[in-house]
Amino acid sequence: MSMNQQNDPFADTGDSDSQPTSYIHIRIQQRNGRKTLTTVQGVPQEYDLKKILKVLKKDFACNGNIVKDEELGEVIQLQGDQRVKVSEFLTTQLGLSKKNIKIHGF
Amino acid sequence: MSDDLGFDPSLKKKKKSKKVEDGSSESTPVPELDDMLSGLKKKKKSKKIDGDEETNSPVPDDLTASLGDLTLKKKKKKSLKNVDATDFEQQLEEAGVEDVSGSNNNATIDGESSNGDEEGIIPYDDLLSRFFDILKKNNPELAGDRSGPKFRIPPPVCQREGSKKTLFANVQEIAQVLQRNPEHLIQFLFAELGTSGSIDGEKRLVLKGKFQPKQMESVLRRYIIEYVTCKTCKSMNTELKRESGNRLHFLSCKVCGSTRSVSSIKTGFQAQVGRRKRV
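Order-wise, the sequence lines are chains A and B. So for the first sequence, UniProt numbering puts the first residue at 1; every next one is plus one. So for the second sequence, UniProt numbering puts the first residue at 1; every next one is plus one.
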């Protein structure tokens, strides 16, 4: 079976079969001056956002809070550009796959 | 570099032609060869020619003349057959000429040329490589050369306008090269950068916030991957269509004809920056 799959050109390539409908979006916004804001949108419901935020704040040495949006649910806001660090945290600590995380911004 | 490479084989061939044709046509084939080689740019090609046996040397002028002005693939196939024929004839003639002095030279010339004397067979590999050389020279698109000058994307030009705004001067140009609606590109930029902006009188984009050209480049790259390149054949010659029935965007490739759906641009969550909303 495994041999079959290797040679089958019509087999699923992997990126299409598990097309996640709910991405985690990590965005950045510019504030005044050199200051920036990182938002994390779409963390799955089963995680406790408050606890995550507490760890993130401690780890990245920044402030942050949780914003409740009517359409998009709860969103984590962090001060500064924490995009790479957040995605690293989500993959290593929470065990989310990198495919589900989208980093936006420049 | 290529000149040097091109020069060496011609020297070699000079020697050979001397041996074969008793110096009668010694002067003519060499400059022709040089012409051929000077037209070639890549190292690879010149090497290939290097590998060609001297059976090719008297012919190339005819070849290039007959193939030079043809543009269609169909015609080319036909003409190749013709070329084969002319090649063959010429070789026969050569063989006829050589018959007188051939008995002396056969010992010195390597095996392949003696084969040529018998049947006029040019090795398939040589024919194939020569065909592709000519095809590459005349219309490289058919030979699978993807890096055409058509899809060179100009680097984004960013200027600061005041202290808080960035002027993105060549959005229109970039959108044109990518064959996309500038509106679409601008919408993507706004969503990705988390800002807003406007278009000024000269159709330049004014973005709120400070952005370096390098940053814009990375965003543009993401746009190209997401909304321009064909996933199947990696070509950038694509078209973005909006289906009126289901309001979805579809990317159709002009090269391989495949279509895929693309997600619409979503701004997502925008944090409140600056002044708060008045409740």
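It should be emphasised that the hints constitute simulated quantities derived from the structure, not laboratory data. This structure is a prediction, so every number in the text was calculated from the model and none was measured. Just to be clear, a hint being listed does not mean it is correct.
[As the list claims (entries may be wrong)] Keeping only pairs whose Cα atoms sit at most 30 Å apart, straight-line, the calculated DSSO-like set for lysine-lysine is:
id, chain 1, residue 1, chain 2, residue 2
1, A, 85, B, 165
2, A, 54, B, 266
3, A, 99, B, 234
4, A, 98, B, 203
5, B, 136, A, 102
6, A, 35, B, 241
7, A, 51, B, 266
8, A, 35, B, 210
9, B, 164, A, 68
10, B, 165, A, 99
11, A, 68, B, 214
12, A, 57, B, 164
13, A, 57, B, 208
14, A, 99, B, 231
15, A, 68, B, 241
16, A, 85, B, 241
17, A, 58, B, 254
18, A, 68, B, 210
19, A, 35, B, 231
20, B, 164, A, 99
21, A, 98, B, 165
22, A, 35, B, 234
23, A, 57, B, 210
24, B, 254, A, 85
25, A, 54, B, 241
26, A, 58, B, 210
27, A, 35, B, 254
28, B, 214, A, 54
29, A, 102, B, 137
30, A, 102, B, 214
31, B, 208, A, 51
32, A, 102, B, 266
33, A, 98, B, 164
[Said to hold, decoys possible] Cβ-Cβ distance ranges computed for the label pairs, FRET-style:
id, chain 1, residue 1, chain 2, residue 2, range
34, A, 97, B, 202, 41 to 47 Å
35, B, 252, A, 44, 23 to 29 Å
36, A, 103, B, 249, 21 to 27 Å
37, B, 249, A, 57, 25 to 31 Å
38, A, 97, B, 127, 35 to 41 Å
39, A, 46, B, 263, 22 to 28 Å
40, B, 128, A, 95, 50 to 56 Å
Positions of the beta carbon are idealized from the N, C-alpha and C atoms, including for glycine.
Each hint tested on the structure:
Restraint check: the Cα-Cα separation between residue 85 of chain A and residue 165 of chain B comes to about 28 Å, which is no more than 30 Å; the hinted pair holds. Taking the CA atoms of residue 54 of chain A and residue 266 of chain B, the gap is near 29 Å; set against the 30 Å cutoff, the hint holds. Between residue 99 of chain A and residue 234 of chain B the alpha-carbon distance is near 20 Å, which keeps this suggested pair within the 30 Å criterion. Of the supplied pair hints, the one linking residue 98 of chain A and residue 203 of chain B is violated, its CA atoms being roughly 38 Å apart against a limit of 30 Å.
In summary, the hint linking residue 136 of chain B to residue 102 of chain A is not supported, as the alpha carbons are separated by about 41 Å, beyond the 30 Å threshold. Simply put, residue 35 of chain A and residue 241 of chain B have alpha-carbon atoms about 38 Å apart, too far for the 30 Å limit, and the pair is violated. Straight-line distance between C-alpha atoms of residue 51 of chain A and residue 266 of chain B comes to about 28 Å, which keeps the hinted pair within the 30 Å bound. Of the pairs offered as hints, the one joining residue 35 of chain A and residue 210 of chain B holds, with about 11 Å between alpha carbons and a cut-off of 30 Å not exceeded.
Under the criterion of a C-alpha separation no larger than 30 Å, the hint pairing residue 164 of chain B with residue 68 of chain A is consistent with the structure, at around 29 Å. Simply put, residue 165 of chain B and residue 99 of chain A have alpha-carbon atoms about 33 Å apart, too far for the 30 Å limit, and the pair is violated. In summary, the hint linking residue 68 of chain A to residue 214 of chain B is not supported, as the alpha carbons are separated by about 34 Å, beyond the 30 Å threshold. Taking the CA atoms of residue 57 of chain A and residue 164 of chain B, the gap is about 29 Å. The hint holds against a cut of 30 Å.
Restraint check: the Cα-Cα separation between residue 57 of chain A and residue 208 of chain B comes to about 28 Å, which is no more than 30 Å; the hinted pair holds. Our distance criterion of 30 Å between C-alpha atoms is met by residue 99 of chain A and residue 231 of chain B, whose separation comes to about 17 Å. With a C-alpha separation of about 35 Å, the suggested pairing of residue 68 of chain A with residue 241 of chain B is violated against the 30 Å cut-off. A threshold of 30 Å between alpha carbons decides the hint, and for residue 85 of chain A with residue 241 of chain B the separation of about 37 Å lies outside it, so the pair is violated.
For a cut-off of 30 Å, the pair hint linking residue 58 of chain A to residue 254 of chain B is broken: about 51 Å separates their Cα positions. Of the supplied pair hints, the one linking residue 68 of chain A and residue 210 of chain B holds, its CA atoms being roughly 28 Å apart against a limit of 30 Å. Straight-line distance between C-alpha atoms of residue 35 of chain A and residue 231 of chain B comes to about 37 Å, which puts the hinted pair past the 30 Å bound. About 34 Å separates the Cα atoms of residue 164 of chain B and residue 99 of chain A, which puts this hinted pair outside 30 Å; it is violated.
For the hint linking residue 98 of chain A to residue 165 of chain B, the alpha-carbon distance of about 33 Å lies beyond 30 Å, and the restraint is violated. Restraint check for residue 35 of chain A and residue 234 of chain B: the C-alpha separation of about 38 Å exceeds 30 Å, so the hint is violated. Distance hint between residue 57 of chain A and residue 210 of chain B is fulfilled; the C-alpha atoms sit about 26 Å from each other, no more than 30 Å. Only pairs whose Cα atoms come within 30 Å are accepted, and residue 254 of chain B paired with residue 85 of chain A is rejected, the gap being roughly 40 Å.
A distance of roughly 45 Å separates the Cα atoms of residue 54 of chain A and residue 241 of chain B; the hinted pair therefore is violated under the 30 Å criterion. Between the alpha carbons of residue 58 of chain A and residue 210 of chain B the distance comes to roughly 29 Å, so the proposed pair stays at or under 30 Å and holds. Proximity of residue 35 of chain A to residue 254 of chain B is assessed by CA-CA distance (about 43 Å); at most 30 Å being required, the pair is judged violated. Between residue 214 of chain B and residue 54 of chain A, the direct Cα distance comes to roughly 34 Å. Violation of the 30 Å bound is thereby established for this hinted pair.
Distance restraint check for residue 102 of chain A and residue 137 of chain B: the Cα-Cα separation of roughly 43 Å exceeds the 30 Å cut-off, and the hinted pair is therefore not satisfied. Simply put, residue 102 of chain A and residue 214 of chain B have alpha-carbon atoms about 20 Å apart, close enough for the 30 Å limit, and the pair holds. With a C-alpha separation of about 34 Å, the suggested pair residue 208 of chain B and residue 51 of chain A falls outside the 30 Å cut-off, and the hint is violated. For the given pair, residue 102 of chain A sits about 13 Å from residue 266 of chain B by alpha-carbon distance, which is consistent with the 30 Å threshold.
Of the supplied pair hints, the one linking residue 98 of chain A and residue 164 of chain B is violated, its CA atoms being roughly 34 Å apart against a limit of 30 Å. With their beta carbons about 45 Å apart, residue 97 of chain A and residue 202 of chain B fall inside the hinted range of 41 to 47 Å. A beta carbon spacing of about 35 Å between residue 252 of chain B and residue 44 of chain A contradicts the range 23 to 29 Å that was offered as a hint. Judged by the Cβ atoms, the range 21 to 27 Å given for residue 103 of chain A and residue 249 of chain B holds: they are separated by roughly 22 Å.
One distance hint, 25 to 31 Å for the beta-carbon pair residue 249 of chain B and residue 57 of chain A, is violated here, with the actual separation near 39 Å. For residue 97 of chain A and residue 127 of chain B, the Cβ-Cβ distance of about 51 Å falls outside the hinted range of 35 to 41 Å, so the restraint is violated. Distance hint check: the CB atoms of residue 46 of chain A and residue 263 of chain B are about 25 Å apart, consistent with the given range 22 to 28 Å. Roughly 53 Å separates the CB atoms of residue 128 of chain B and residue 95 of chain A, a value that falls within the hinted 50 to 56 Å.
The structure fails to meet hints 4, 5, 6, 10, 11, 15, 16, 17, 19, 20, 21, 22, 24, 25, 27, 28, 29, 31, 33, 35, 37 and 38 from the earlier list, while all remaining hints are met.
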